[in-house]
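Given chain A, put chain B in place with the hints provided.
In order, the protein sequences belong to chains A and B. Counting from 1, position 82 in the first sequence corresponds to residue 481 in the working numbering; the numbering is continuous, with no gaps. Counting from 1, position 87 in the second sequence corresponds to residue 486 in the working numbering; the numbering is continuous, with no gaps.
There is no bait here: all hints are sound.
Because identical chains share one entry, a pair is satisfied inside a single copy or across any pair of copies.
Keeping only pairs whose Cα atoms sit at most 27 Å apart, straight-line, the calculated BS3-like set for lysine-lysine is:
1. 592 to 545
2. 436 to 423
3. 435 to 422
4. 429 to 545
5. 435 to 423
6. 422 to 592
Quick caveat, the hints were computed from the structure, so don't treat them as lab data.
Protein chains: 2
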Amino acid sequence: MTDLTPEQTAALNERHRVRMERKKAIIDAKIAAADKKIGIIIVNTGNGKGKSSSAFGMVGRALGHGMKVGVVQFIKGAMSTGDEMFLRRFPDDVSFHAMGEGYTWETQNRERDIVKAEQAWEQARRFLSDPAYGLVVLDELNIALKYHYLDVHTVIADLLDRPEMQHVVVTGRGAPPELIAVADTVSEMTDVKHAFRAGIAAQAGTEW
Amino acid sequence: MTDLTPEQTAALNERHRVRMERKKAIIDAKIAAADKKIGIIIVNTGNGKGKSSSAFGMVGRALGHGMKVGVVQFIKGAMSTGDEMFLRRFPDDVSFHAMGEGYTWETQNRERDIVKAEQAWEQARRFLSDPAYGLVVLDELNIALKYHYLDVHTVIADLLDRPEMQHVVVTGRGAPPELIAVADTVSEMTDVKHAFRAGIAAQAGTEW
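Extracted from the complex, chain A is given alone in its bound form (with noise of 0.2 Å):
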């Protein structure tokens, strides 16, 4: 910016300003027009980065808000991670249950894996009747949706069936396509580029 006359400069700034100052009525008219408020279904897909670690800031920002979480793992549970060491330290404000055993090419039993998601589901259910539960995680259902373990449908509807103001987050890939028609928002997390392709490991802090 530095090659630029101080007229120049000014002349840009004010451009820069106008244009802000257009942008801002549209977006406030965009917000005056959104204003219902009510509990939503929070979708996050994809083969990228980022669909459990936005879920759990999600329960970092409703405890801002001093909500009540409750978070169940499906597939996830042999292996403690950051996330769960973490949430742990408030046993008053998250309910936390990891309910699963592992991938399903580490479990390579689908039998047991279905009776793990069934009782996976049992605990999303308790949560999903309860509305102190201002916001509920059910981490990696999509997965055990993908393997057929739980029928969509009765997932569905007791999603549907929740208390009014309760926001819901379902993360893990392929989420199915009944799902995606029910949930208010969808965030498809894709994978533009990995560092374990590049030969780096999944490490604490980052990828668990």
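Chain B alone, transformed into the frame defined by chain A:
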């Protein structure tokens, strides 16, 4: 699954086991090949939800592993968020600096935005030169780069010059290609669906 005979179910379970056994061999080989341990640069970009929340999820994850974390928020800072309220509870482990004054269409002042971005970068450099910080979050830095409030080459030089084991997460829409080129892991959060467009307000706990 109830319409299968016991024999069919047993066959299905066995096919699953064999497939997963094979998958495990492939994945284990990949894990064995990815053995480097080194600080990485993670970029969360795209128009979808989950960029900042994923970064803050990694903060919790890092805290779970006993790491010390530095956070600099570019652009954001005019309003207190759940993220900030929560992370300020850990002053010994998280150094939190919200150094913006709002989105560009709120401030409408290019010169002042540049001064704030430069001050925020000074704070970022303090973290990037201190190996005590295992994770540094540079929230919305991409916005400051997109508007050329900061020089991308200076930013990249400082990032590459950081302590070897330090991880950095950069968030914000429109990550510049120069930053993507030097990053180790890049996720694009794609907006498949957003509650806001269905008339639902940005709410505490999910959006801020």
